[in-house]
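Need the complex rebuilt from these two chains, each delivered in its own frame; the hints are there to steer you.
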Amino acid sequence: MDQIDYDSLGLMVGIEIHQQLDTKHKLFCYCPTSHRDVEESNFEFFRYLRLKRSEMGEEDRAAKEEVERSKKFIYKFYDTTCLVEADEEPPREINKEALKIAIQIAKMLNMEFVDEVHVMRKIVIDGSNTTGFQRTALVAFDGDLDGVGIATLCVEEEACRKIEDRGDYVVYSLDRLGIPLVEIGTYPDIKSPKQAKEVAAKLGMILRSTGKVKRGLGTIRQDVNISIKDGARVEIKGVQTLEILDKIVEYEVIRQVNLLKIKDELKKRRALVINEIFDVTSLFKDTKSKILKNKTVKAILLRGFGGLVGKEIQPNRRLGTEFADIAKMFGLGGIFHTDELPAYGITEREVKALKEFVDASEDDAVIIAAGDALRVERALQRIIERAKFCLVGVPEETRKANEDGTTSYLRPLPGAARMYPETDVPPVLLTKELLDVEIPELIVDRAKRYEKLLPKDLAYVIADSEYYKLFEEFADKIQPTVVARVIHSIPAELRKEGFNIEVLDEDKLRMTLEMIEKGEIAKEGAEEVLKIICKNPNANKEEILNVIGKVSNVDDFIQNLVNQKEDLIRERKEHAFKPLMGLVMKEFRGKVDGKIIAEKLKKAIEEKIKGE
Amino acid sequence: MDLIGKRVRIEAKGRQFEGIVMPSPTKTFVLKLDNGYNVGFKDYKLLEVIEEEMIPPSLPPLMHKEGLPNVKIISTGGTIASKVDYRTGAVTSQFTAEEIAAEVPELMEVCNVDAMLLYNILSENMKPKQWIELANEIYKSIKDGYEGIIITHGTDTMAYTSSAVSFMLSTPVPIAFVGAQRSSDRPSSDAAMNLVCAAKTVTSDLGEVVVVMHGSTSDNYCYIHRAVKVRKNHTSRRDAFQSVNCKPIGKVDYFGSIEWISDRVRRNERELKLMDKLEEKVVLIKFFPGLKPDILDYYFDKGYRGFVLEGTGLGHVSTDWLDTIRRISNESLIVMTSQCLWGRVCDRVYDTGRYLLEAGVVEGEDMLPEVALIKVMWLLANYELEEAKKLVKVNLVGEINPTSDYDRCLF
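From first to last, the protein sequence lines stand for chains G and Z. Sequential numbering of the first sequence, starting at 437, is according to this note's numbering. Sequential numbering of the second sequence, starting at 6, is according to this note's numbering.
Only chain Z is shown next, with the shape it has when bound in the complex (with noise of 0.2 angstroms):
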């Protein structure tokens, strides 16, 4: 009998304990006390299950109020959507829009919110047919009349996805993709701050896919990021989202309004269009010291066709590599990124680079290389070879700055 959940007594150290049965993560009985604390026992015997009648709980339904905007909030799971039950500790995750209003009323004093659940993943565990699906369900929402999206992400590969949307679906409309640092069942979450200034994007003059995250370690503002141009860059600080190589296009106050800081595409300034083929045989390798050009034929003989290369300094490899990249480079796009990840790429200063390009990379600009990925993912997808070659190089939607500011820009 599965006891998980269940008001029970035993007997364990010659005494009587009562208490509810939690899920164990190793071998141990464990079980919560009526003090709150769980402790685990290995020896114990069962006296008693006692029947307890549980209350489900409901909320009330959510009406919509007259003269604001409607923003869909599409979760896709991650930390910002869970819910921890105080009774068994165990993490849910319904996300029905009754429960985030329940949770962030304010974000009703904002918007009219419909909210859907299409995942409940790690986010590590997302791939390309996700992405696709989430850029047909977006554009879905904005057929609809959205003037709104907000796509709740786990934060680890966020940049991923956005940058996928980005390319994959022209948008009239602002859509930011928002997560949590903290899990959202901690008093301290930031999960809460986020989906405000989130809301707060949505609404506003905007027309572009962007990323919404904590501006700081406090709980004063949160950066708009394009979403091509942002990286996670901590492990696990409320502000690990940085734009790099440009500053963040605004900067939503919790209590205010948007400060816009650069130059931003506006509501309706692009018309809805979706081109969401991706080409998964593409791959991002990181060059290092010794790493042998072998790597380059493992996958050109699986059949991978795109080839982003983070490279070292100003964008380079091993002269090893080029024959290999010279055999592979007519079929192939093969585009070069760097490590540094702050400055472009120039392969016309050192012999390496310069024999490089003449072995057929192509210089990938100021991008970051997991942007380049996926844009060399739907380049091949979408186009010709020699079509995909040239636009690699051609910014598209905020991909590739045209200058290069001098501020190391980290917001």
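Only chain G is shown next, with the shape it has when bound in the complex (with noise of 0.2 angstroms):
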């Protein structure tokens, strides 16, 4: 497909952000919302969630209202984790600043809000949650960005981060649970990829222009939620990056249409899937197949979907990659479908014993699974329902955002969420005082401001970048160019180079700055420093100074050596290390870092002989 007619395909698309905010303290305990390794976790503890089916939302209550004695959940505690996170405390009262903060927002997007404010439980028994429920509240709703309706705004808990999932049971950690989250979702009013390409990344310059909100891979994911005509809504979860937002929607759409057309043609061939599950371990006992050797093997016969199991319906994805979805939700490695066989160690003769066996003729298509027998058959009978559906069109259903676009199932659409009222954190009214929040100035304005100063890439990074008040601070007293230098390009080059920059925080940036304004240091000489500081973290001035001075001594004095020592270069080329290390060292032992000078000698001696 090269120009996809958006507007005829009747494509709707509507995005939910979930955007962490960088508050003191979590949204329902005095815990602070800082992220922590599994490894420095002092404590673990389990527990199952139940979930009564009348809960599930089904509409007969007398039909079997069975229970779920669900997976076993293992949570991590941390010292910076308490008994709130644990649901062994009751909730403390709603963190203000996260509400002042998503109030903020709401009124950057011209939503109107709600009197008072009532925490809900919203129901999730995957474990994300200790309590087997998030904590969310609606504070306010219709909105509007550019033309793009916004429905409602939420603050809610952020879940337990996800460390392992073993099947039978799930590792989930604690540091992340209650950190406080805005949910904005819009409604389904973008037409197309790029459109919402552009809604999803105007949305984030809003919350980043708050200046409250977390930075960093995992503090903002988007799901997505897309429909065309005759096709389904389809709901994706989890994109982590912007980048790939337009493509997500584009795959989708041509996934949808795809299996639409998949759906004609089926139906022209008067296809039909048989709903027989059909036990041909014996056909493999000698296979050269390492997947299916020594395991049970089952098929399922689909007639007439031949060559349309192998037809490409996203990017590297079959409609067999559909059913392979599936099994692997069965804890299978996969599927194997006859489109694509002979191949993977299964013979030609195998395939054909296969078809046989189950009666399949050239334009049917026979797929196998194969591993624990109980396991084979619930896939395979749910891969049955999935077939069937070609012949219907697209279901709908909750799918899982991959790195490249594309995406995989994950599970059918959920029904309402069960919601019902926290009752142990009272409501809030929004008071004048609440609501009377300043609007930021836009990241956007903010750029302009500054493209008076710096280039204008540059200037829309710097107004982008969370120490942009470092910017305003020295603009008028060093040259602008440096401190954006100082605040984003060296750090960026740095991070490249494989240093930590994570500890170049405000104070230490402030502090170079602050050595630049003063003369301590040339403008040069804040790269040195940086390094310094990504080094030794606890360093202070005039440690760094001392360093820099010796540094440039060490410099000279090897520039010196280098020179004087040409004949010994020239004779022994990298083999003059040593003797040289050794007069170097003479002379800064004990005051330089030898790592240092080696690296700086090892440098000079090769641009010596480079020189030759």
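It should be emphasised that the hints constitute simulated quantities derived from the structure, not laboratory data. Where is the CB? At the ideal position from N, CA and C, for every residue including glycine. Any given hint might turn out to be false.
Unchecked claim - Computed from the model, here is a short list of chain Z residues facing chain G with C-beta under 10 angstroms:
(1) 29
(2) 34
(3) 193
(4) 225
(5) 407
Stated by the list, open to error - The calculated EDC-like cross-link candidates involving lysine to aspartate or glutamate, where the alpha carbons are at most 20 angstroms apart (straight line), are:
(6) 252/Z x 210/Z
(7) 47/Z x 872/G
(8) 638/G x 659/G
(9) 47/Z x 551/G
(10) 47/Z x 578/G
(11) 18/Z x 578/G
(12) 508/G x 39/Z
(13) 508/G x 258/Z
(14) 558/G x 39/Z
Now the structure itself:
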């Protein structure tokens, strides 16, 4: 597909953004909102969650009010988490700092506020919340962003971080649980992939303009709702970077269009999914295929599907991949289908035997799966259902975003969320004081101001930097481009070189800028200063100046030495390093780090050799 | 017109909203929108009340299984029995056996259940009157042939009620008190596991009154605590209940069986007998530095003849109290317990203690103050004063340990 006419396809897209807030503490307790390494966990415990059938939205409560005893969930506790995250203490009142940020954002989106905010419990039983529900509250509604309607803005608590999923148990980390989030959902007013990306980008820019949101991977997530005419509503979860948002929409449109084409073709062929699972283990008794060997192998027959199971519906994803996704959900490695066989160690003879066994003709497709008998049976049963739906169209489902912009099957669309009031948290009246928050300058407007001082691209980057305030502070004292280098360009370069620039916080950057301002270092010295801080985050100004001073002495000394010993270098090439190193160390031992000297000397010798 | 629970259409903030009217904790009008959220409006105009047909819930009848022991569950209220209505958010407590079966189907693999809703009261509102009625109800159920009794109870005063039943009722079958620290409408509630463990307990070879609650913060096991040795030692944790001054009787694995930890009274070891009188004019007084003995006079003048003192350390109150104690002790039973909770009272180490004993105070051994309170209530109602003074130091139902373990027993 070259040019897709989204209008005529009736594309409708809505996006939902989840952004972590950078508050002092969590939404319902006084724990910090800091990220922890699992290795730092000092305690773990486990729980089970239970859900009554009636809560899953079934009309007939009388039917089977069955309790589902779900998986075992293991939780990692830290010295920065408390009994509230462990569901061992009632929540505190809602964090007003978070509420105020949400109000600020809602104002920026021209939204209307409710008079009283009620915290709800949204039932979530995948274990990601120790309580079995996520606390969430609707704050504002009906906003507008460049013609796209903003339906709702909610404040909610972030879920646990998933560490590993072992099938029968899942390990979660409590550090993330309870970090405040804003959830902003648009109406399905978006009409093209490009617009989806633009709206998401602008929303992100507005959020960052508050200066009170977290940054970095995983701190913002986009869910996308996509549908086309005759297609179905599909929800795509967890798009972590904006870069692929347009691709996600485009690929989903392509997927739905292709599924509709497949439907038409199948109908033309009078295709039929046979409602039977064949045990074909015996056919592969002596197979060379490692995947099938010594396992239960079962097959299903899709009459009239020949050639279509192998048809690409998204880049590098075929209809067969959709079936394989389902198999993976049941803990299998995937499936094989006759459109791709013989391959993977399965011979032509085996394929022939398989087709004969299930009575498949040239026009048919056979799908096989191998593994634990019960799992194979259940997976194939579900794939039969999915294959039957190929004759109907596009199934409504929740899909997971892949890194390349394609998506994989996750689960059917959830029914309406089950919500009930969080009685432990009192409602909050949105008073004048609470609503009286200033609207911050937008990053784009700030960038316009900076354009007078910096090249256009850099102006935007600095305006969007979390250290833009440093720029404002120093731009009239030092050359603006130098300030931009210190707070942005140099750290970016150092990161590429492998330095840990996490330690370059606002204080460290300010110290560096002050050193330049006071003339204690030349502006060219900034890089060296930042390098020293990266290596030794605790170094104070005097220590840094000391090292810088000595470093320049070392440079001179090495240069002189290399010039003096030109003959030695010419003769022994790289091997001149050892004797020369001895000479430099004699002068600087105990004053300058040997590693730094070695680096510099090696470089000087190399340059000398090259210069020959 | 009462709109609560009705579907309505309103106008607020220049827009129309449809939803269900919710009970409001404040004066604001609260609407549950179709997206599930509750929102509050101060100014609104009611446009329409939309009639909806309600489908009354019904549950399948419960069949008794041949060969399983019959257990009676008596509910007195508390979080364990509560159920939330997802439409209105209201918490109800109907508590039929059918409902329990629906909530905790595993229970039906352990025993046949008959259920009865005796009370629906918060445990802080329980009174000796209810303890007596409960003891009678249990007595009747045991006479009816039930092989085990489960009492669901609010956790706050569970240990008081279970102690009262321990003294009033001599039982041949296990009686387990069980509760929940997280309400049962939450997916993470501890109610189901506690109930399952209680069911295993009351179908085992046990013949006394116990409390069965979470043994750790994980959903792995419950402890079986002797009712007269247990205390709620945390406001909110699942494992709030601890045996004090002794080990629990046993440990019930959620998915496994019971491991017996210490000596227990076996099934049918005791005969069924009810002595259901309690003297209500008994008081528990916690001493603190500076507290004047007037408080004793106050209660004595009101006719109180039972006094349990929660003294300091080994069992002391200020020597200022000696005169008053001497004055009232002939007509009263005054028992000394300790604020330390752990350890035994000994009033023969310091002079103050010796003076207190001379003045007529009785040492409460290693009894918990609350248990001593209940014991004195029971003794004064059923025995002459002099007899009661002797019996208070005698172990009757496990409330006093003859020896003190080295173990702090923080189970």
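Self-check item: Status of the residue 34/Z interface restraint (C-beta, 10 angstroms, chain G)
Solution: holds (9 angstroms)
Quiz item: Would the pair residue 558/G and residue 39/Z pass a check requiring their Cα atoms to be no farther apart than 20 angstroms?
Solution: Roughly 13 angstroms between the alpha carbons, so the hint for residue 558/G and residue 39/Z holds.
Practice problem: Have a go at the residue 29/Z hint: is there a Cβ in chain G nearer than 10 angstroms to its own Cβ? | Solution: Check passed: Cβ of residue 29/Z comes within 8 angstroms of chain G, closer than 10 angstroms.
Exercise. Under 10 angstroms, Cβ to Cβ, is where residue 407/Z needs to be relative to chain G, so tell me if that hint holds or is violated.
Key: violated (36 angstroms)
Quiz prompt | Distance restraint between residue 638/G and residue 659/G, which requires alpha-carbon spacing of 20 angstroms or less | solution = holds (15 angstroms)
Quiz item: Given the proposed pairing of residue 508/G with residue 258/Z, does the C-alpha separation stay at or below 20 angstroms?
Solution: With Cα atoms ~15 angstroms apart, residue 508/G and residue 258/Z stay inside 20 angstroms; holds.
Quiz item: Does the nearest C-beta of chain G fall within a distance shorter than 10 angstroms of the C-beta of residue 193/Z?
Solution: holds (4 angstroms)
Quiz item: For the pair supplied as a hint, residue 47/Z and residue 872/G, is the alpha-carbon distance within the 20 angstroms limit?
Solution: Cα-Cα ~18 angstroms, so holds.
Quiz item: Regarding the pair residue 18/Z and residue 578/G, is the alpha-carbon distance no greater than 20 angstroms?
Solution: holds (11 angstroms)
Quiz prompt | 20 angstroms Cα cutoff - pair residue 47/Z, residue 578/G | solution = Status holds; Cα separation ~18 angstroms.
Quiz item: Hey, residue 252/Z versus residue 210/Z, does the alpha-carbon distance stay inside 20 angstroms?
Solution: holds (18 angstroms)
Exercise. With a cut-off of 20 angstroms on the C-alpha distance, tell me whether residue 47/Z and residue 551/G pass.
Key: holds (6 angstroms)
The earlier numbered hints that this structure contradicts are 5 and 12.
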